[in-house]
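2 protein chains.
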Amino acid sequence: MDNKLIEGKIVAEFIKEDLKVKTAALKRDKNITPCLAVMLVGDNPASKVYVNGKIKFSEELGYKSIVKELSSSTSENEVLQIINEWNEDPEINGILVQLPLPHQINETKVLLKIKPSKDVDGFHPENVGRLVAGLPGFISCTPAGIIELMKFYKINPSGMNAVIIGRSNIVGKPMLNLLYQKKEFANATVTICHTGTKDLEYYTKHADLLIAAIGSPKFVKGDFVKEGVIVFDVGVNRIVDTTKKSGYRLVGDVDFDEVYPKASMITPVPGGVGPLTIAMLMTNTYKSANNEYLY
Amino acid sequence: MDNKLIEGKIVAEFIKEDLKVKTAALKRDKNITPCLAVMLVGDNPASKVYVNGKIKFSEELGYKSIVKELSSSTSENEVLQIINEWNEDPEINGILVQLPLPHQINETKVLLKIKPSKDVDGFHPENVGRLVAGLPGFISCTPAGIIELMKFYKINPSGMNAVIIGRSNIVGKPMLNLLYQKKEFANATVTICHTGTKDLEYYTKHADLLIAAIGSPKFVKGDFVKEGVIVFDVGVNRIVDTTKKSGYRLVGDVDFDEVYPKASMITPVPGGVGPLTIAMLMTNTYKSANNEYLY
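One line per chain: the protein sequences are A and B, in this order.
With positions in the first sequence counted from 1, the corresponding number in our numbering is that position plus 993.
With positions in the second sequence counted from 1, the corresponding number in our numbering is that position plus 993.
These aren't lab readings, by the way, just hints derived from the structure by calculation.
There may be inaccurate statements among the hints.
What the hints assert, rightly or not - Pairs of lysine to aspartate or glutamate, EDC-like flavour, derived with a Cα cap of 16 angstroms: (1) K1106(A) with E1071(A); (2) K1191(B) with D1201(A); (3) K1144(A) with E1177(A); (4) K1198(A) with E1177(A); (5) K1214(A) with D1248(A); (6) K1191(A) with D1201(B).
None of the values given here were measured: they were computed from a predicted structure.
Just need the whole structure built from these sequences, with the hints factored in.
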């Protein structure tokens, strides 16, 4: 066993088993079966794979699921109307629109239409704002998963110098806003770096906790970090690998071979942060079904 | 003229004159008069002063205003009901509930009740989330005012090492989320420091741009900062001063006398950031009346 490695796969399995037990109890005690509705517009093959993975996971937990597959020529109005119906349907606890959407559909308009109390992806501005204010709400799944990993491995970021690379809406920004909260498994001093950052290495070299969410293969090199750093690598990048049957392999935003020797803990890619994302989506759906997010 | 000094009083006057002209045009061209509704619960003397100041300013601009003064024993339900009526009233463009509220009233519940499109204070989670996502919405007035000061004084934070001290919902958090955006007068690398920060001076000494929003008189000393730093002091603290008739004077969170010699630009207290807050509240109310914030 490698006790430097943060093994998301294992943690996701724990969460899955826990959700199975809780879901069975919810059915038994309150006669509620969590239900996730997923919309897939167009025929992006990667999106199909993601949606199938989510549906499979939800069924393994004993959830109900609804999948609506729509052609790539679907109008924005049709999409908005289905969301409206799902918003009003008391059987549905979680609504997920797989991104990206075809160009004729405004993604922001669609995300704004989802009722915040069913927005299990945590993308609606009301949920983003609740996260910032420290109010109950749905938290974007990847950052929520990183917090779960910290809890599991007893990594307490309080007082740490935490540095995030990347300002995306789904990872960098919510991660930032989670980590400085005056709460358990937070309370870090947090810096957000991005393409506009001058002298990135100045920040990364001083980081106690480094979260890379850039989308650039092996971007973070060994000399970017200090001895003892804790690293969460959110990147999932394909690079050519002729030794593989598929012709490629997955690597993170961190050059694992270079950074591993200096790190005190680090997530691998794949099997690190990735597996938590679906697990947190399912956790959010369970919480919605169990009415944990009303205010 | 002191060209180190960021004179918010002057900038607020410019904004005021501009709003007067725009308001007159809005009346003439669209027959719309901006209307701000303000609720004051209880008899906190400071709150009364603030509310009177806001009403006076709005009337000078030619706005309509509604003031609802309620006794300190008002129930939460009464407050929520009035907000509901204001939400539905097409004549009202901006709704403001003066904080703090008496203990029997849940502030969060009240803020959540205000329709985001009339939430000119920018406190509703939907507006906070819109700010984070870079979507149109109402921005909390003090941080919005600091951005206005930057525009006026041509301070471009892009690429700067910006450090914020304080994680309040009304200043620190929105300031953080504004400054890293990929936008004009933003795009800084931003660090948020707070009571949980270890070695605060490490961060402040490297800051190109320092924003202090702590609520602690003269907290930031000369040796906290580097030569050439740009300082925005959000603090407004009373300290005893027996030479004054009132017995006190106002000081910021920054020890002005110590920091001024090292700073390249700095806001005084009073007359720096403060005057912008009401000006931005009025700007938000105007924008609401002019329907600039729909999505």
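Hint check results:
Only pairs whose Cα atoms come within 16 angstroms are accepted, and K1106(A) paired with E1071(A) is accepted, the gap being roughly 12 angstroms. A distance of roughly 12 angstroms separates the Cα atoms of K1191(B) and D1201(A); the hinted pair therefore holds under the 16 angstroms criterion. As the CA atoms of K1144(A) and E1177(A) are separated by approximately 9 angstroms, the hinted pair is consistent with the 16 angstroms bound. The suggested pairing of K1198(A) with E1177(A) is violated, with an alpha-carbon distance near 25 angstroms, which exceeds 16 angstroms.
Restraint check: the Cα-Cα separation between K1214(A) and D1248(A) comes to about 5 angstroms, which is no more than 16 angstroms; the hinted pair holds. About 12 angstroms separates the Cα atoms of K1191(A) and D1201(B), which keeps this hinted pair within 16 angstroms; it holds.
The structure shown violates just one earlier hint, number 4.
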